[in-house]
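2 protein chains.
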Amino acid sequence: MWLTDALCRNDKLSAVCCQHEQAAAMAADGYGRVNGIPGAALVTIGPGATNAITGVAGAYVDSSPMLVISGQANSRILQYQKDTGIRQKGTQSLVLGNMVRDITKYFAEVMDPADIRYHMERAWYEATSGRKGPVWIDVPIDIQNKQIPDDMRGYEGSCQEFSPVDWDRIKEIVTSSNKPLIMAGYGVLSAGARENLLSFATRLSIPIVTSRGGIGAIPSSNSLFVGRPGSYGDRASHFAVQECDLLLILGSRLAQSTTGYYPDRFAPNAVKIMVDIDELELDKSDVPVDIRIRSDLKPFIAELNKRSSDWLSNDHTDWVNHCKYNKEKYPVVLDSYSKEEGINSYYFTKILSELAPDDSSVVVDTGSVCNIVSQTWELKGKQNYLISGGLSCMGFWASSIGVASCEKTVIALSGDGSTQMNIQELATLKYYDLPIKLFVYNNRGYMLIRHNQHNYMNDRFLGVGPNSGVPSVDFSAVGQSYGLPVVRINDKSEIEEMIRKVFSIAGPVLCEVMVQEFGIIAPRISSRVMPDGSLRAAEFDDLWPFLDEGKLDG
Amino acid sequence: MWLTDALCRNDKLSAVCCQHEQAAAMAADGYGRVNGIPGAALVTIGPGATNAITGVAGAYVDSSPMLVISGQANSRILQYQKDTGIRQKGTQSLVLGNMVRDITKYFAEVMDPADIRYHMERAWYEATSGRKGPVWIDVPIDIQNKQIPDDMRGYEGSCQEFSPVDWDRIKEIVTSSNKPLIMAGYGVLSAGARENLLSFATRLSIPIVTSRGGIGAIPSSNSLFVGRPGSYGDRASHFAVQECDLLLILGSRLAQSTTGYYPDRFAPNAVKIMVDIDELELDKSDVPVDIRIRSDLKPFIAELNKRSSDWLSNDHTDWVNHCKYNKEKYPVVLDSYSKEEGINSYYFTKILSELAPDDSSVVVDTGSVCNIVSQTWELKGKQNYLISGGLSCMGFWASSIGVASCEKTVIALSGDGSTQMNIQELATLKYYDLPIKLFVYNNRGYMLIRHNQHNYMNDRFLGVGPNSGVPSVDFSAVGQSYGLPVVRINDKSEIEEMIRKVFSIAGPVLCEVMVQEFGIIAPRISSRVMPDGSLRAAEFDDLWPFLDEGKLDG
Chain A
665 MWLTDALCRN
675 DKLSAVCCQH
685 EQAAAMAADG
695 YGRVNGIPGA
705 ALVTIGPGAT
715 NAITGVAGAY
725 VDSSPMLVIS
735 GQANSRILQY
745 QKDTGIRQKG
755 TQSLVLGNMV
765 RDITKYFAEV
775 MDPADIRYHM
785 ERAWYEATSG
795 RKGPVWIDVP
805 IDIQNKQIPD
815 DMRGYEGSCQ
825 EFSPVDWDRI
835 KEIVTSSNKP
845 LIMAGYGVLS
855 AGARENLLSF
865 ATRLSIPIVT
875 SRGGIGAIPS
885 SNSLFVGRPG
895 SYGDRASHFA
905 VQECDLLLIL
915 GSRLAQSTTG
925 YYPDRFAPNA
935 VKIMVDIDEL
945 ELDKSDVPVD
955 IRIRSDLKPF
965 IAELNKRSSD
975 WLSNDHTDWV
985 NHCKYNKEKY
995 PVVLDSYSKE
1005 EGINSYYFTK
1015 ILSELAPDDS
1025 SVVVDTGSVC
1035 NIVSQTWELK
1045 GKQNYLISGG
1055 LSCMGFWASS
1065 IGVASCEKTV
1075 IALSGDGSTQ
1085 MNIQELATLK
1095 YYDLPIKLFV
1105 YNNRGYMLIR
1115 HNQHNYMNDR
1125 FLGVGPNSGV
1135 PSVDFSAVGQ
1145 SYGLPVVRIN
1155 DKSEIEEMIR
1165 KVFSIAGPVL
1175 CEVMVQEFGI
1185 IAPRISSRVM
1195 PDGSLRAAEF
1205 DDLWPFLDEG
1215 KLDG
Chain B
665 MWLTDALCRN
675 DKLSAVCCQH
685 EQAAAMAADG
695 YGRVNGIPGA
705 ALVTIGPGAT
715 NAITGVAGAY
725 VDSSPMLVIS
735 GQANSRILQY
745 QKDTGIRQKG
755 TQSLVLGNMV
765 RDITKYFAEV
775 MDPADIRYHM
785 ERAWYEATSG
795 RKGPVWIDVP
805 IDIQNKQIPD
815 DMRGYEGSCQ
825 EFSPVDWDRI
835 KEIVTSSNKP
845 LIMAGYGVLS
855 AGARENLLSF
865 ATRLSIPIVT
875 SRGGIGAIPS
885 SNSLFVGRPG
895 SYGDRASHFA
905 VQECDLLLIL
915 GSRLAQSTTG
925 YYPDRFAPNA
935 VKIMVDIDEL
945 ELDKSDVPVD
955 IRIRSDLKPF
965 IAELNKRSSD
975 WLSNDHTDWV
985 NHCKYNKEKY
995 PVVLDSYSKE
1005 EGINSYYFTK
1015 ILSELAPDDS
1025 SVVVDTGSVC
1035 NIVSQTWELK
1045 GKQNYLISGG
1055 LSCMGFWASS
1065 IGVASCEKTV
1075 IALSGDGSTQ
1085 MNIQELATLK
1095 YYDLPIKLFV
1105 YNNRGYMLIR
1115 HNQHNYMNDR
1125 FLGVGPNSGV
1135 PSVDFSAVGQ
1145 SYGLPVVRIN
1155 DKSEIEEMIR
1165 KVFSIAGPVL
1175 CEVMVQEFGI
1185 IAPRISSRVM
1195 PDGSLRAAEF
1205 DDLWPFLDEG
1215 KLDG
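Taken in order, these protein sequences are the chains called A and B. Using the working numbering, you'd call the opening residue of the first sequence number 665 and step up by one each time. Using the working numbering, you'd call the opening residue of the second sequence number 665 and step up by one each time.
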């Protein structure tokens, strides 16, 4: 109550009122990813706080800086609840500490107004230093309304200790490599090290692949860009990983969805150097990394770029051309996709990414859409590219609300299931006239689960579409009911025209794309049938559809 | 994945697929409250689990039995995350223990398939025994698919220890009282003790007031029913509490929203006997209770009813008539409300409750609607009456989905803000053709906060309506876009006709009621201006509008 009033009275702050705290948290996450400093979500006591948890957890695993401020019961009541363990004393009040400590870098209940400067400075420090992440300040109602003393203790963060770097060795490894490869993860973007990385890679002609989180690190048209390896990857990048003799893993945590099922055979021919700010990630890797360096990517890559200015490295022309050859020979989006019945999501995405403005930001929700778009999107210029990486939470498209507050155009892409998870925010888009173009890939249900139940459950379908318990929603009608301009794409012949129409409309637009219900998702890591009939996960560079089968049938 | 398939293969179980886990948890809560046994919510890993937290927290503070089963990453990955504290290893996986332990009675990760019987039996026991509440079983993906041994250890709950009851003393106190009063809380309903309570009260002519949670304990037409005390209460019940010489507090935790700001002066003339199953609630009370009895209400009230069959108590005719006189003299719904401009929510609710079927269940969402409806609703027959009591979480109307699975007609009442919080579930209502009549009291924003900012912030409005950051939604249009029959009430002249129309339609209906934006919420506990100009919370029986002012002006 008093915090809201403070916000109201403060001319320097402006707020976007989301309809649901889940969306408010995701919007703050989106803001943080694009700006590198925390977006803030102000939520009410109890259910307001718990509603924000999914968004906060997503920001935590994806290293996004975020500040949550929650209202709380009177400090005496809160203390009583903490001391006794009673289910509740004050109206709506919940003790949040245990609930959010594992998904925040710092959590504090402000029990004394004189501590507020300490808590705020520390929260800001924690959110923005080291591996970034969310922080949470819980403010009892009586504290909100207190005068604070002029003289308060503050907080000064300490300098982080990083590994010493043996630059001579790195120089030797890099310059003697014939087939070097850079794997860029979100850490590069989080550290603001993109330009230095591209400068370094360009000077030494080192091809780049990106993890999902690192997609924004390099434009697709850059001749050094190879692809995006992972469970739903592309052949060129998988070949490159398995063939390279040096892999520089920069700010990528090498998640299983990136490295596949045989991490011990990931980049088997390469000397692997991994640089990460989080020691736990360096320790975690199932991939046998040769050199682990704990460092902030920003100074590390700046130093790498600077030092390499006089390095004489081997010639990589053949290697770069080889990667380029594979990329051209094995495109993700096949020509045949344009000829299929119905709208193939890959085909649609390719056209959309071609028509998307250079200066737009792209927010991709989870599910099959995330796989398809992340495989396909042709990143241009300095486009931001945001996904819910680690948590992979549905409804993430609403983080576009936070991105829209500082970007010209935001392209949000979402499946029908995920769109529903934050559908109430269509009202926010309309009210604030946000420049968000929301593309809903409507495949009538949950396509990834549909594939799973088809592949592993003998077509026993439950909860995947209109025939198994999940309604089909008319998003064009819903969008209109919220007052949004709506564009619906029913046929592939109208894709380009309709996309142009979407971008010609100022402000928010909902574009419903009636895509195939059971579209192929490929290439991907799948299983091979062994001679004895059992299934075995295929190798990292043996993506389905298997090349030796020469056909696409499952 | 495997749990969903198991559900699909089990003919004895049927599932309702909600669009959002938040709603699934609330639906399970609703099922539990109406049936007394746990409703179950099956949710997916990570964000699926965190999305359920608000609903689980609500069930916890409101003592509703519920079982949550969540999918989880491979047990090795889960163990690694627990051991190392790394942010994440498996895709989507979060360690849930700390996050949900404070809002569940039992939480278990099933790390060994042979433990599943133990965990399930213990979970069921905890959910349904003592003070009821939610339990949560987290099942790693590899465990889901394991064969379980035939011979597994189980769990047998122990008998609970309760306070010895000095029945002679209770008999003496009850029979010698001249102005006895029963305060019935949710504990009475949770224990299934309603019939015995009414039998006891009728035999001894003891008037009854109910807490919000206990509203379902007595039909409004019962001559012993006085009212529902609380921050938003009614004069008759507040007078009765302050005048009675004996207060039997049965299954009510005496929340501040029930007792007002001076708990030490709550029922000041009464011997107070409090019976509750939760020792912490008995210890908590700020109200000076004379006799605290820890007991299950079911055997206690059964015993009370049985023993009292030969008690000779004082005559309470005058007292009962006095309470009845106050109730008639000070109705909540004033005649003038029907003559106001626009639709007064009290007036509308009164008509709705008169026209509502006797065998319907009533689910009330939070906010001003909860206050208004809980003050006004004329409970009939065995109507269930559900609110989000302790947590008071917006979107609670979706618990009607769980209630609808076992009731003929469910009347869900919600404000516009709360309706938005689970708006995606309109698709569920439509798809499953649920007999839910959703009445949306559309006051264009958040009316309680609007009142607060008017009363305490000098009309500095933020986030309360279309002029301060919160869009107005056309719920009739949204309802139609989801395929629901829609009825809109724009004018008070059409209220009765339109309500009849709603009930004449089978299956789900959305009825949007365009109520006053700044309607009065009264009577309520407010503040009085002291001679020195300061504000002071009024006494419990001095409800606003203050009777000595004789007018309604703010």
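Check before you lean on any hint, since a few could be wrong.
All copies of an identical chain are treated as equivalent in the list; a pair is satisfied when it fits inside any one copy or across any two copies.
To be verified - List time: in silico DMTMM-like cross-link candidates among lysine to aspartate or glutamate, alpha-carbon distance up to 25 Å:
#1 K948 / D747
#2 K746 / D766
#3 K746 / E967
#4 K1046 / D1123
#5 K1044 / D950
#6 K810 / D974
#7 K993 / E1213
#8 K676 / D1123
#9 K1094 / D1138
#10 K835 / D815
#11 K810 / E1042
#12 K993 / D1212
Simulated from the structure, these hints should not be mistaken for lab results.
Go through the copies and call it for K810 and E1042: within, between, both or neither, with a Cα cutoff of 25 Å.
-> Neither way: K810 and E1042 sit 52 Å apart in one copy and 43 Å across, limit 25 Å.
At 25 Å max between alpha carbons, let me know whether K993 reaches D1212 within a copy, between copies, both or neither.
-> Result: close within a single copy only, 15 Å intra versus 88 Å inter.
With 25 Å as the alpha-carbon cut-off, assign the pair K993 and E1213 to within, between, both or neither.
-> within (17 Å within a copy, 86 Å between copies)
Measure nothing new, just compare the shortest in-copy and cross-copy C-alpha distances for K835 and D815 to 25 Å and report within, between, both or neither.
-> So K835 and D815 fail the 25 Å test inside a copy (51 Å) and across (62 Å) alike.
Intra- versus inter-copy proximity for D747 and K948 (alpha-carbon distance at most 25 Å) | Answer is between: at 11 Å across copies they meet the 25 Å cutoff, but 37 Å inside does not.
State whether the alpha carbon distance between K746 and E967 is at most 25 Å within one copy, between copies, both, or neither.
-> For K746 and E967, the Cα distance exceeds 25 Å both inside one copy (49 Å) and across copies (36 Å).
Alpha-carbon proximity between K746 and D766, which holds within one copy, between copies, both or neither at 25 Å = Close inside one copy (18 Å) and across copies (10 Å); limit 25 Å.
Classify it for me, K810 with D974: is the Cα-Cα distance of at most 25 Å met within a copy, between copies, both or neither?
-> The answer is neither: 60 Å in one copy and 58 Å across copies each exceed 25 Å.
When no copy is specified for K676 and D1123, does a C-alpha distance of 25 Å or less occur within a copy, between copies, both, or neither?
-> between (57 Å within a copy, 20 Å between copies)
Homo-oligomer pair classification [D1123, K1046; C-alpha up to 25 Å] = neither (43 Å within a copy, 44 Å between copies)
First find the shortest C-alpha distance between K1094 and D1138 inside one copy, then the shortest across copies, and answer within, between, both or neither for a cut-off of 25 Å.
-> both (18 Å within a copy, 12 Å between copies)
For the identical chains here, do K1044 and D950 meet the 25 Å Cα criterion within one copy, between copies, both, or neither?
-> neither (33 Å within a copy, 64 Å between copies)
Violated hints for the displayed structure, listed by number in ascending order: 3, 4, 5, 6, 10, 11.
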